[in-house]
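J.: So the chains spell out like this:
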Amino acid sequence: MTAEAATHVTAASVVDAFARRHRFHWAEALPWIVAIGAFFVFPDYLALGAQILATILFGLSLDLILGYAGIVTLGHAACFGTGAYVAGLLAAHGWGEPVSGLLIAALAAALVGFVSGAVVLRTQGLTLLMLTLVVATMLYEAANKANTITGGADGLSGMDVWPVLGFHFDLYGQTAYWYCLVTLFLCWLIARCIVHSPFGRSLTGIRENERRMHAIGSPVFWRRLTIYTIAAALAGISGALISQTTQFVGLGVLSFDRSGAILIMLILGGVGWLYGAFIGVPLYMIMQDRFAAVDPVYWYFWIGLILVLVVVFAPSGAYGLGDRLARALRRRA
Amino acid sequence: MSEIVAASVSILFHGLAFAMVLYLVSVGLSVTMGLMGFVNLAHGVFAALGGYIATSLMTQMGVGFAPAVAAGVVTAMVVSVPLERLLYRRLYGADELAQVLLTVGLVFMSVAAGKFLWGPLAQPFHPPAALSGQIELGTREFPTYRSFLIVAGAVLVTALWLGLERTRFGAQIRAAVDNRRMAQSVGINTSGLFTAAFALGSGLAALGGALGAEILAIEPAYALEHLIYFLIVVSVGGLGSIRGPFFAALLLGVADTGFKYLLPEFGAFFIYALTLVVLLWRPRGLFGYA
Amino acid sequence: MRKMEIIAPALAGAALAGLAAAPASAQTVKIGVIGTFSGPTEQQGEMLERGLQLYYKTHQNDLPKGVKIQLIERDDTGANPEVAKRLAQELVTRDHVQLLTGFVWSPNFMSVAPVATQGKIPAISLNAAATKAVQMSPYMVRVSFTLPQQAYPLGTWAAKKGYKRAYTAVSDYAPGHEAEEAFSKAFKAAGGQVIGQLVFPAPPTTPDFAPFLQKIKDAKPDLVYIFVPAGGQATAVMKTSVDLDYKGSNIALISTQDLVPDEEIANMGDAIIGLITAGTYTSDSPRPANKAFVAAWDKEYPGSKLRPDFESADAYSGMKMIFEFVSKTHGKFTGDEAMDFFKHWKDPDSPRGPIMVDPNTRDILQNVYMRRMEKQNGKAVDVEFETIGMVNSLGQVVSSK
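Chains as they are written, first to last, in the numbering used here: chain A, 1 to 333; chain B, 334 to 623; chain C, 624 to 1024.
Calculated directly from the structure, the hints in this document are not laboratory data.
Beta carbons are placed, not taken as given, at the ideal position from N, Cα and C, and that holds for glycine.
Heads up, some of the hints might be wrong.
Unchecked claim - Computed beta-carbon distance windows for the label pairs:
1) GLY892/C <-> ARG122/A: 47 to 57 Å
2) VAL1006/C <-> TRP162/A: 54 to 64 Å
3) GLU28/A <-> MET515/B: 47 to 57 Å
4) VAL1004/C <-> TRP162/A: 37 to 47 Å
What the hints assert, rightly or not - Just a few of them, taken from the derived set where beta-carbon distance is under 8 Å, the chain A residues facing chain B:
5) LEU111
6) LEU126
7) LEU133
8) VAL134
9) MET138
10) PHE256
11) ILE264
12) TYR300
13) PHE301
14) LEU305
15) PHE313
Given these sequences and hints, build the entire structure.
T.: Now the structure itself:
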C-alpha cells in the first residue's frame, strides 16, 4: 500500500472536487419541480404564489451580500423599492413593456446600490448597519415627499402593464406566476454562477477573515461593492416583478418593515447556502397568509414567538436543522 | 427679526423637551450595546412598558402621577432581570444576526401583547393639574408639562453622570466597557454587573417612556416605530458612552423639531441625511469608544 | 282515453304553472368585505364593520325567500394597497364574490380598480374618501363622503363669518390634500387670506403635534383649519391645542367631521366645547331615522363605549343599498346591472338625512351640516345648527335642503 493510495488525496482529485462543485446536484431541481407543480395543484393561489416567487428573488439577493459577503444590512428594501417604483413609473407613463421594464429597474437599483455602497461600505459593524438603515429611510422619505411623482402615501396607481410574450396579465395571476418563475430561475442561475466562481469564493474569504484577504492583496472594498451592486440589481428586479404583477406600488416597498421582514425570512431558511430564501420566504409568507386569515390580530405574536424559538433552538435556521437531521440520519446508516 | 427669535425659542424649547425623552430612553441602550456587545432592538419595549403601566394606572385607577411613573419604572426593571438572565445571556458574544433575530422576535411579541392588553389606540396621557396649562417665562408662555420635562431631564442626567463618576458601580461599568477581560481579572463580577446595568437601562427607558408619553405616543408598535431614532442616538453618540448619547439626543431633538418647524415638507429626510453625514465623519460616534 | 287527453295536459299545465310559481332556487350572494381588522388603524375598521354588520343582522328578513347574503371578510391590516389588491383578486377568483365592499383607506380602494374593471365586479366604498378614486374604474361607486364636499362649504362659511387670516394643517395623504385645497380655494374666493399651510406626517403614525401647532401659533392666524384622520389623532390634536393655549391666544380651530369622531368625544374633555365643524353625520342628530339607527346600535352593542360615527352610518347605508339591490334581483345579476342600480340609488331618509348617488360621477350627493359642540347635561353634544344643502363630491352646493 503506497502512501499515495492510502491518503486518497492527489492533485487530480482536488481539481476534480472543485470542478464537481459547479455541477448541478439532482436535489437542486426540487424547488423548480415544486414550483411548477404548485401551478397545477393550487390554481386559486397563483397571485400569492407569484408574490412568493418574487420575494424569493429578493431574499436570494440579500443572501448574496449577507450570507456570502457578510454585510449585515437593515436597508435592503432601498434597492427593492427603487426597482418597484422605476418599473411602476414606466408603466404608469406609457411604457408598459414588462421585460424591458425589468431591465431598466435593475439598472436603476444597481445605480442606487453602487452609489450607496460606495459611501457606506467603508464602514463596518453597527455603523454600517445604521448607515444602510439610514439610506433606505432617506429614500422612503424622499418617495413620500415627492408625491406628485410617486403618489406618496396613496401609492402609485394607473399602471398599465403590456402583455409579456403575448400573454396578458390576467386576473387569476397565471401569467404573473410564470413570469416570476422564469425570472427567478434565470436570476438564480446567475447567482449560482457567481457564488461558485473564484470571485464568489473570495467573498467568503472576505467574510471569514478580512485582514487576511487584505494581506494577500485582494481588493476587498471593490469586491464588496461589486457584490453589493449585483445584489442591488437583483433586488430591483424582484421589486419590479412585484409592482408589475400587482400593478400598484405603495410606500411599503421602501419601508423598514420590508427590510426587516426579508432579513427574517432569509434567516429562517438559513443564511449563506443559496437556498435559505427558497425555504424561509414561502414558510413566512404562507404562515402570514394563513394566520392572517385565522387570527389577523395576533399574527405578530406567533411570528415573534417562532423567531425567538428558532434563535434559541435552531440558530442556523432551516439549514442548521436540516444539517443536524442529515447528520443524525447518516450516523444511523 | 422678532419672528426669527420667537421661532428659535420655540424650536429650542420643544427640541430640548424631545431630546430629554430620547436621551432617557436611549441611554440604557448605549450602555447595553457597549457593555455587553448586544444588539438589543427590543430596547424600546421597556419604554413602552413603562408608559403603558404609568398611563393605565393614572387613567383607569386614578393613581397619582409620581407613583404611577415609579410603578412603570419598577415593573420594567423587574421584567428585565429574567429576560436578561434567561434569554439575552445565551447570546452574548454570539452572531449579530442571531441577536437581531431574537430581539426582533421579542418586539413582535410585545406589539401583539400591547394590542391584547391595552387595545390598538395610543394611550391617553393626562398630566396632573399642577403640571398642566401654561407657565410664564419672561415674555412668553410655555406649556408647563414640557418645561417640567426639560427640568426633570436635566436633573436626571446630572444624577446619572454623577453616579457614573462618583460611585463604585459606575466605576465598575466604565471598567467593564473599556476592557471586560481586565475587569473580570481584577475581580469585578461582570455577570452580576451586566444584569444590574441592564435593569438600570431598562428602568431609565421606562422612565423616558412614561414621562414622554405626550411626545412619543404609547401605542403597541412603539418599539418598532421609534427604533430608528433610538439607534441614531446611540450610534451617533457612541456605544458604551453615557455623555455621547446626550449630545446626540440634543442634536437629534433640536434638529428634528427645527426641520418640522421650518421645512415640514421634507419630513424627516434631513434628519437621516444629517445622521449619514455625522456617521461618515465619525464612524464610532461623537464620543465613541474603541 | 278521452279523460286522459284532458287530464294529462291539465296536469302538465298545472305542473308547469306550479314550477313557474315556485321560488327561484336558493341563491347565495357572496360579498367580499375588505376591512381593517388589525394594525394601528383597527378602530376605524371596527366602526365601519359595526355599521355594516348592524344592517346585515337586523335586516335578514327583508331578503326574499331563498336569497341569502354571505359576507366574506378579509383584513388589509391598514393602508396597504398591495395587500388590498391581492385580497380583492383572491375574493374574485377564489371565493367568486359578486360585489366588493368595505375600504376604510383610499389607497386600498384605488388599488382594486383594475380588479373591478377586469372582473366586472362592482366595488363600493363605505369610507375611502379620495375624490379621484371612483373615477379609476366604471365599476366603482362611493356612498360615504369626500373631503371637498365638506371642506369647500366650510371655507365659504368661515370667510363669511368674518375670519380673515387662516392657516391650514392637514395629514399628508390624498384626503388631506384634497381637504386643504378645497378649503383654501373657498376661503380665498370668499375674501379670506390663507397665511400659511403645513402637513403632518402621513397616517398611521401619530406625530407629536406640538412643534407644528407651535409654529402655527407663532404665525398668529385667527383661524386654523385642521384635518387628521378620525380616531386617536383627533384627540391628540385637540389636547395639544389646549396645551398651547389656543383659546387664550384667540386662535379658533375649525375642521371637517374627522376632528370630532363620535367614539373619541368622551376622551377629549372640555377642549372641544365650542368647536365648529362641517360634516355629514353626528350621532347626536335628532333626526328620526338617526334615532332609530342609534337605538338599533345600542341594542346590538349594549354597553359599548363606542358611539356610532360617520363611518358606521355610511357603512349602514351602503349595506342598505346592497340589500335593496339583492332583494330586487333575487341575487341574480351582472356587474353592469348592479352598477346601473347603484348609480341611481337614493335614500331620502337615511340617518344622515337625504342621500343619493350622482349618476355622472358615481359619487355621493348629500346634505352637509354646520355643527357646534355644546355641553348639554354635562355631556358634549354635537348640534347641527345649519344645513348648507345638498353638496356634490367637489364641494358645490347643488340644491338647498
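J.: Does each hint fit the structure? Answer for all of them.
T.: Results for each hint:
At roughly 54 Å, the beta carbons of GLY892/C and ARG122/A sit within the given window of 47 to 57 Å. For the pair VAL1006/C and TRP162/A, the beta carbons lie near 56 Å from each other, so the given range of 54 to 64 Å is met. Checked against the hint of 47 to 57 Å, the C-beta distance between GLU28/A and MET515/B comes to roughly 50 Å, which is consistent with it. A beta carbon spacing of about 57 Å between VAL1004/C and TRP162/A contradicts the range 37 to 47 Å that was offered as a hint.
Because the closest C-beta pair between LEU111/A and chain B is about 18 Å apart, greater than 8 Å, the hint is violated. For LEU126/A, the shortest C-beta to C-beta distance to chain B is roughly 6 Å, which falls under 8 Å, so the interface hint holds. Interface hint status for LEU133/A: upheld, as the beta-carbon distance to the closest one in chain B is roughly 6 Å, under 8 Å. Because the closest C-beta pair between VAL134/A and chain B is about 5 Å apart, less than 8 Å, the hint holds.
With 8 Å as the threshold, the beta carbon of MET138/A comes within range of chain B, its nearest partner Cβ sitting at about 4 Å, so the hint holds. With a least beta-carbon distance of about 7 Å to chain B, the hint placing PHE256/A at the interface is held under the 8 Å criterion. The interface hint given for ILE264/A holds, since its Cβ lies 7 Å from the closest Cβ of chain B, which is under the 8 Å cut-off. About 4 Å separates the beta-carbon of TYR300/A from the nearest beta-carbon of chain B, less than 8 Å, and the hint is met.
A distance limit of 8 Å between C-beta atoms decides the matter here; for PHE301/A the minimum to chain B is near 3 Å, and the interface restraint holds. Interface restraint check: LEU305/A against chain B, minimum CB-CB distance 6 Å, threshold 8 Å, status holds. The beta carbon of PHE313/A is not positioned within 8 Å of any beta carbon in chain B (closest approach about 11 Å), and the interface hint is therefore violated.
When held up to the earlier numbered hints, the structure conflicts with 4, 5, 15 and fits the remainder.
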